[in-house]
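Asker: Chain by chain, the residues:
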Amino acid sequence: MAKTQLEEINRNIYDIKNKDEYDYKIKKGLTREIVEEISNQKNDPDWMREIRLKALETYNKLEMPTWGPDLSELNMDEIATYVRPKSKLNSSWDDVPDDIKNTFDKLGIPEAEKTSLAGVGAQYDSEVVYHSMKDELLKQGVIYTDMETAVKDYPDLVKEHFMKCVPISDHKFVALHAAVWSGGSFVYVPKGVKLEMPLQSYFRLNSPESGQFEHTLIIVDEGASLHFIEGCSAPKYNKVNLHAGCVELYVRDNAYLRYSTIENWSKNMLNLNTKKAICGKNAEVDWVSGSFGSKISMLYPMSILNGEGAKTEFTGISFAGGGQNLDNGFKAIHNAPNTSSVVNAKSISKNGGKCTYRSLIRINENATGSKSSVSCESLMLDDFSISDTVPTNDIRTDEVEFSHEAKIGKISDKTIFYLMSRGLSEEDAKAMIVRGFAYPISKELPVEYAVEMNNLINLELEGAIG
Amino acid sequence: MTNIVLNETPVRTSRNFNINNVKLEDIEIPKNIQAFKNVKVSELSSKIALNTDFNNFELKYGLNDFLTEQVNNNANFKANIVIDSKTNKDVKIDFKFDEANKDLIDAINIVANEDTKSTIIVKYESDCNVQAYHNGIIKAVAKSNSVLNIIVVNFMNEVSNNFLSIENCFENDSKINYYIIDFGGQNSITNYYSNIKGNNANSRLNTLYIGSDEQLIDLNYIGELYGEKSNVNIEVQGALKDKARKNFKGTIDFKKGCKKAVGNENENCILLSDTAKSLALPMLLCSEEDVEGNHSTSSGKVAEKELFYIMSRGFELKDALKLLVRAKFNKILEEIKDEELRNEILEQIDKRIG
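Residue numbers (the numbering used here), protein chains in the order written: chain A, 11 to 476; chain B, 454 to 807.
Keep in mind the hints are simulated off the structure, nothing from the lab.
Please note that the accuracy of each hint is not assured.
What the hints assert, rightly or not - Just so you have them, the derived chain B footprint on chain A, three or more residues with Cβ under 8 Å:
| id | segment |
| --- | --- |
| 1 | 392 to 405 |
| 2 | 413 to 419 |
Said to hold, decoys possible - Pairs of lysine-lysine, DSS-like flavour, derived with a Cα cap of 27 Å:
| id | chain 1 | residue 1 | chain 2 | residue 2 |
| --- | --- | --- | --- | --- |
| 3 | A | K116 | A | K420 |
| 4 | B | K712 | A | K420 |
| 5 | A | K420 | B | K708 |
| 6 | A | K417 | B | K784 |
| 7 | B | K708 | A | K424 |
| 8 | A | K420 | B | K709 |
| 9 | A | K124 | A | K144 |
| 10 | B | K754 | A | K381 |
Backbone N, C-alpha and C define an ideal beta-carbon position, used for all residues, glycine too.
Chain B on its own, in the form it takes in the complex (with noise of 0.2 Å):
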């Protein structure tokens, strides 16, 4: 059992207000890792090769060193995916935990041509009650032209850790969609950074969080712009009940030489208990003048109003409340095309908000 201290904000704030990293205590660190087996990969097509060949990463921010060290060093599933074309099949990793597959290290490096359209989905799920740990690392290069859409899908069961890392690097003009739907772990922490480096390069980032029982997610997004006209959108909505603790720290920091960027950072938790807690740091750096940027964050229950109305149609409050939190969720999950997965989503809301 081990403490660990990890995913810092890039900017420190008072320690008194205990957002500037997450302390957890007694955390299972697995030490001999066995190989991960319970893996699919989908077929791909001609133009996407898969292979290890690849560098170890080095992360301007991650998680912590400790936990990037362990995935360039023991990672028990590992992948390269270069992609050449602009028709392909959607790549899809699908891991499931069990009894003997209960530990996942993966890194995963991901990289998008010049002129290319691809979709990634990557899914961690275990519908067992065994206590799994995922410590893993995404990174993606969007080359010129690129468009990249990543789905990283967490259905990991309540008693697991979940610990994920994700770098994107931009070249001009590229831009990756990625969406988050972050519903399992115990403890379920994210570092997500955006190097957006290209002019005209656009980051999104879309997710989708759900809390319940004693869960901890805690999520550290950093968006820097360095490329003129360039943008980023951060996006995020979530659901907390029981004793959930969530962390949202979003940080979009415009770096000298920016001009015409423009940052959009919006994260909104509905608060489904008395008891659940949200925590939130917004930030916006700013070193360029000729920029645009806006932050905007809400807590609160459901709106009454609403409530009232789908019950009186003959609703239980329990439907009535999932039924208001799909709709929350709802502008995000239209843009998910893959129908079987938006299904599986909106399953899994049914069951974790039911």
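The following block holds chain A by itself, in its conformation from the complex (with noise of 0.2 Å):
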């Protein structure tokens, strides 16, 4: 069968370039006056600064990955590490300048807003332009800012939660991160809240050679609740940029949170990014993620059950095109009795891509009565795309239930030709197998999100098969 290969495919509104203008260009590179500029530029509080200044030691001190994908390329001194936007903070759309404002008119961010959002926060480079909340969550107490905002108005909060779910000594990016951090959003749940709507944060890097390094922090107080929405996109330029983000995420006894991304950085974009969450005492963290774009993407969530009877879910897609490599997966840590973790992990490679699952499980001495149960399941749409599967499970009490599975293959082709002697055609047949494979992970998305998910595979798949 003869194959259409498209090398560039169009991804319409995401790859929308505005101009490069901004505020103020950090020149590149990463050196301590750097750090220190970053800091002034920002009127960091001491605390603050001795953070960044302590992260730039750890990240010159620590190696490379000598594992996953290959990094060379990145060159910190080719990379401005922040990008001041020419708009202040916002609470009303009319007031972000319009090349902005449009670039997420597009992204559909004003419109889920009044539609299905409790509140949204909106980044543009370096700097959050746009931040609102329904007044009723103000009035329960429900805190949802930018990070800059909540340094300043709620130092006690940030100075307990920042870096230490996270350590900055957990890897290079990280210390990375942190020394550069800028952006992003900070929630507080209090005790007993429930939201019934999503936030919902978009990250937009704009600026060509740049990095994003955004941190957002949640605290749900105990026997609250939300979901969190995290978007992402980048129009695609011909060299690097650099997304280090960091998400430190508090889940207090008998809370719940969900965390649902979308991630759709340009092909040029290294995506080095940190997730962690500690549960409580019959917490739940639930993550939802599906990941398309991207050059490189090392991203492994990571929940921490340190309460008895806490529970994880991770449900996760990759979609690697011609170009991208996707070294995704999950880690779980599993630290008091009763524990449980599901895992539901799917990627689909075409065109040369590659996609990694990449896990840990650890289910530790004193996690007595714990559950986990991990599947994955590859799918591969062309003989010269690559797809590997490399979990660790890591058990060491006796007291536990674990079960790992993968398998890995390719559309089958009687499936195909049962579909196509329903009248449907070959490309049709594919495109179907392919949403009904990533099926159980739109269906954890609010609809609108399961909407672009879907329209992301459309455009994923357009030209890759036939």
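Quick one: dock chain against chain with the hints and give me the complex.
Answerer: The structure is reproduced here in structure tokens:
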């Protein structure tokens, strides 16, 4: 069967570039002077400045990963770590400059805010340009603001939690993040408050040869509940951009947090992101993740189940096309009795793309009565793509139920034949099978994001099969 | 005393996961290797030749370069087994460690010529408390349309070190059924590699392991599929008690061109104490679309219901556990046709689980 191969596909709205206009762009590279200058520009309190400088020292000491995708093209001397857009923080879209507002309009953010979100944050390059939340949540004591405001207005809360869930020495790119972080969202949901509608933060990187290092810190207090959605995209440039964000989630006793991500960075982006959640007694954190963009992605969200009866679920899909190397996965650490983790990971590779599922499940000595079930499936859409599964299972006590299974393969010829015999074209049959393969993930998303994910799948499949 | 790093996985993962390799401290590597005399080789049929005429091993993986070189330069047992017939007596090589024979460095080369069928049994045993050292390489070539059964039995004691590298090469339509019974050694470290170049070739590996006391069992099994319609199957069943640790690293690598290849990998670990540790990295690497790959691993204690049932029939806990381990191991044991050997394995299961 002849296959049509298109090297580049039109990523339509995601590829819209605005002029590289900014209020301030720091010089490229990573030195003590640059870190101090970012700290000055952001008017950091002394304690934050100290964290940044300590993190820079740690960054310089740590080595690059000796595993996973080749990161040799990353040259920090070519990356500007701080770009302040031509807009201050606004609480009305009308005050956001037109070109930036138009970008978010096309991404559907203001529209979604009206219909299905309880609050929205929008970051453009290194700073948040819009943040707003429904009034009734304010009255319930919910805090949803940008990180810079949180550092100034809630210093004790931030100080107690910032870089504590994810220690600076975790790996080299966490240290980099802590040294140059800018933007991101801070959420505090008070005890017993259950948000009916999600909050969403959207991160857009427009400036070429730059990095985005937003910090997301969420505290869901005892018995509270939240669904948080994170979206990210960038237009494509010829040189690499870097995203090294950090997400720290604290889910207190009996609380619930769902953290959904649709990641659609441009295909010149190195996405070296870190996400961790700490769960208290009977708390639950669920991750839903769709990973479509980036040239290289290394992303392994982690749930640390510290409280008895804590639970976590990871439902994720990666879709790698030509030139993409998506090394994604999940980590769960069971640190208390009767904890449970469920993993359902899927990946699709096509046009020479590479998907790797990499994971760790560790059930520690004291986590008696714990359960873990891991399932990963990989689909190859042609014979020059690559799909690897690299899961580590570390079981340190006997009172556990642990199982892991993985499958790798292509779309079954029989299934295609069946669908074609019912009148579908081969292309439609394959697209239907791929959407069915992704369905367990898309059904976990709010309907408009599921539609976006299906659109992304259609977009990615265009030209890949036939 | 030496510290050594060995058994690197073909693909690395995060260093924090502690599974890319195994580091052993204070290992006594013998310098002056004496002759190993306590070896018995079974009577051979006329169609099997045994000599020492083969070149140094060049392994793609192996445990590490030092151990490979030690075998190439200092082997105190060498055997080149050439099979030329379909009907053969089993070839049996029994090594027994004792005070006068405590260091064994063996090089075994097996060539199964076209259209042959044979079984080779290699047994390493130490029934005294001597601290023995074993470093061996077994290399097998299965030529077209040959069937080779290889059974490696490790009954060494819990104070010895067992290092074994295995490499298999497959021509078209060949088949190697490997059985590894891995019960002994304070450190028992095995590297197993199947290079499945032949079309329609079939590599099967069945392993049983038991770890007790503070034993460390490190298994690094790699199957690379190149041939069309080739097949690899890795089945591992094990039990850990006391403070024993097991690292299982299983890699099935579908190389470009291995159309219609199938790879399956299954590892199951029964944990018989709350201080035993099971670490597993079952990898599937895939550069070919038209293949089917599956893996599964599981860990946990024996099922309460089954245990309760057996104990309600009058068995003590220890005996009930032995029965359940035997039952888990039975599927693989049944395939070992040598009844005497099978009984020996059952005895060892009882001894080591009891």
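Asker: Against each hint, give a clear statement of whether it holds in the structure.
Answerer: Now the hints, each set against the structure:
1. Only residues whose C-beta sits within less than 8 Å of a C-beta in chain B count toward coverage, and the segment 392 to 405 of chain A has 14 of them, enough to reach three; the restraint holds.
2. Interface restraint, the segment 413 to 419 of chain A with chain B: holds (7 residues with C-beta to C-beta distance below 8 Å; minimum three).
3. Between K116/A and K420/A, the direct Cα distance comes to roughly 35 Å. Violation of the 27 Å bound is thereby established for this hinted pair.
4. This hinted pair checks out: K712/B and K420/A have alpha carbons roughly 11 Å apart, not beyond 27 Å.
5. A C-alpha spacing of about 15 Å is found between K420/A and K708/B, which places the hinted pair at or below 27 Å, so the restraint holds.
6. Distance hint between K417/A and K784/B is fulfilled; the C-alpha atoms sit about 23 Å from each other, no more than 27 Å.
7. With a C-alpha separation of about 24 Å, the suggested pair K708/B and K424/A falls inside the 27 Å cut-off, and the hint holds.
8. Between the alpha carbons of K420/A and K709/B the distance comes to roughly 14 Å, so the proposed pair stays at or under 27 Å and holds.
9. Proximity of K124/A to K144/A is assessed by CA-CA distance (about 10 Å); at most 27 Å being required, the pair is judged to hold.
10. Distance hint between K754/B and K381/A is fulfilled; the C-alpha atoms sit about 12 Å from each other, no more than 27 Å.
Hint compliance for this structure: hint 3 is the single one not met.
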